[in-house]
Amino acid sequence: MAAVTVPPGPLSIDLVMGRERSCREPLLVGEQLLWAEQRPDEGGRTTLMLQQRPGEAPQDLTPGGWSLRTRVHEFGGGLFCADPTMAVFIDGRSGVPHSVRLQSPAAPQPLMAPVLDRQIRFADGLIDTQRQRWIGVMESDEGDSLISLPLAGGTSQVLRSQLDFCGYAALSPSGDQLAWLEWSLPWMPWERTELWWSWLGEDGELLGPQRLAGGDDDPQSLFQPLWSASDQLLVASDRMGFWTPQRWCPGSQQVWESLPLPPGCECGMPQWVYGMRTLAACGERLLALACREGAWSLWQRSLKAAAAEPWQKMPLPFCELSALTASSSRAVCLAAGVTQPTTLLEIGVAPGQWQAWERFGTSPLPAASVSVPRSLWVKGGDGHSSQAWFYPPAPDQPRPAPLLVRGHSGPTGMARTGLSLAYQYWISRGWAVVDVNYGGSTGFGRAYRERLDGRWGELDVADCAAAVHQLIAAGEVDPERVAIEGGSAGGFTTLAALIQEPVFKAGVCRYPVCDLASLQQDTHRFESGYFDRLIGPWPQQQARYHQRSPLQQKHRLGRPVLFIQGLQDKVVPPEQTELMVEALRHRGLSVELILLEAEAHGFRSGAVQRQVLEATERFFERVLPPR
639 MAAVTVPPGP LSIDLVMGRE RSCREPLLVG EQLLWAEQRP DEGGRTTLML
689 QQRPGEAPQD LTPGGWSLRT RVHEFGGGLF CADPTMAVFI DGRSGVPHSV
739 RLQSPAAPQP LMAPVLDRQI RFADGLIDTQ RQRWIGVMES DEGDSLISLP
789 LAGGTSQVLR SQLDFCGYAA LSPSGDQLAW LEWSLPWMPW ERTELWWSWL
839 GEDGELLGPQ RLAGGDDDPQ SLFQPLWSAS DQLLVASDRM GFWTPQRWCP
889 GSQQVWESLP LPPGCECGMP QWVYGMRTLA ACGERLLALA CREGAWSLWQ
939 RSLKAAAAEP WQKMPLPFCE LSALTASSSR AVCLAAGVTQ PTTLLEIGVA
989 PGQWQAWERF GTSPLPAASV SVPRSLWVKG GDGHSSQAWF YPPAPDQPRP
1039 APLLVRGHSG PTGMARTGLS LAYQYWISRG WAVVDVNYGG STGFGRAYRE
1089 RLDGRWGELD VADCAAAVHQ LIAAGEVDPE RVAIEGGSAG GFTTLAALIQ
1139 EPVFKAGVCR YPVCDLASLQ QDTHRFESGY FDRLIGPWPQ QQARYHQRSP
1189 LQQKHRLGRP VLFIQGLQDK VVPPEQTELM VEALRHRGLS VELILLEAEA
1239 HGFRSGAVQR QVLEATERFF ERVLPPR
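Just so we're aligned, residue 639 is where the sequence shown starts under this note's numbering, counting upward by one.
Keep in mind the hints are simulated off the structure, nothing from the lab. You may find that some hints are simply not true.
Claimed, not checked - Capping the alpha-carbon separation at 20 Å, the derived lysine to any residue pairs in SDA-like fashion look like this:
#1 Lys942 / Arg877
#2 Lys1208 / Gln757
#3 Lys1192 / Leu1231
#4 Lys951 / Gln938
Unchecked claim - Derived Cβ-Cβ restraints for the label pairs, each shown as a range:
#5 Gly986 / Gln697: 19 to 25 Å
#6 Pro748 / Arg1256: 42 to 48 Å
#7 Ala751 / Glu680: 25 to 31 Å
Where is the CB? At the ideal position from N, CA and C, for every residue including glycine.
The task is simple: from the sequences and hints, build the whole structure.
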């Protein structure tokens, strides 16, 4: 893809921020391709798009003031579903499912009356064409329920109720079987889940639901149930240490059969949001996106072959892949490369057939000017190796360089390597960047994730510091100009690093966790058991919560900090930031605060994203020594 001509020197903010529309949750339904398109230039609204056939111009199914959004479990996802004639999406204003026709679309129609109680939320649906209904998740104060709603409107039917959590429902091609996931507190879905299955009755009711995998006697994390065209049930399981596909044939006595990926590969992800897909059935082929040591690739195999049949890697020039979907003749996913921002990728049946959409992912930078990350392995804080991605400064910039350290969110997230124009913004100004996959990160197997258990606020900090020290020893970075930034859990790591490690000279925190004890008691339902593993059981480990909380350790923080907080945040309440800022100012510390009235957890508006980057750069210019 041709790059825009860019003048030499630092990249402008206009070039890198808020300029591109992005694609979410692509879905193939036969020849039709649908996706949710987020538009920073329209205040961050998300609209539903449709391409009827390959090569045709797309159309906007929800123009005007419509915006797709779900708030289930606060993180949302699972924005829409479709069959050959209709799509159902969650309207961000009313919060309820709406339908829209794919041929000759008219104004979307609600499947139910608006919900006055905004604690009742919907997400993650599918269309049962045979029974003309939507099946999805309803969250309330009592927990999650699996429900159905008539497409023509009417009374809902409860299929499963008063569960802690559920979702990821999958309907068999024959329409007579349903599979879904459930999990219970205090577990997160990447720790322990259960796969459930049932035949469906004439009215769509569940006929004797059965647990097929998972539970206390069979602990594992299960990811994305999926049916093949021949009614094989597939799911990814990490029982053997890495998420890998398994298959089961209903009605047979066959036990679960593993379809092992190459060693070190895993095809699951932490289910923070609905709508994640790494598996897809393309006719009688199974496709899998797999991560190995932080880099993603696409694999395929025949579903008719024996389990031991090896997978074939499909040649693609991309290192980051997600949101896989397929029909009988093609597949689509989101893809990015080290010189290519995220785009929509169409993949043909024959090996080597692919096409990246120009609608998304147009890079303003020539490939030769991009700082390409290299994998960096360091001895982590627990004695095991931890991985990071190091982006060196431009070759014409002086060494040693100032360094920006990034701690990803989650903390069960991962540092990715697709082109980040924000990183290149810093690099064009003479900075180096290191993005750390500290112990606890995804993409390296279950044991790597579990390294953070009981050690959040210690191991993540030690691993970030180890990466910095290795780069200093190599003469790559200036030890007096090391900054760290992160959001949410990454904001917590930032504050903990500034408290514990003198190598960090300044930090920027977006919506950070500041007081573990208060958040443990006040956090939202989805994460209410998360700290049990990250810190320890409450209140038995109350002293540890105190010891790890930046607010309680404020007397040890002597570095300048910039806080940026959305006032609509329900995941990390604004009070966390406000109390921390007040305490630091009382001590006379150099601390700055930006409050964003309309923003929640994560910043959607292009204008706000620009503001945050500009403020971060100005802050570091003020508080770090000049070169």
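Requested in this report: Find the hints from earlier in the document that the structure breaks and name them by number, from lowest to highest.
Outcome: Violated hint: only 1; rest satisfied.
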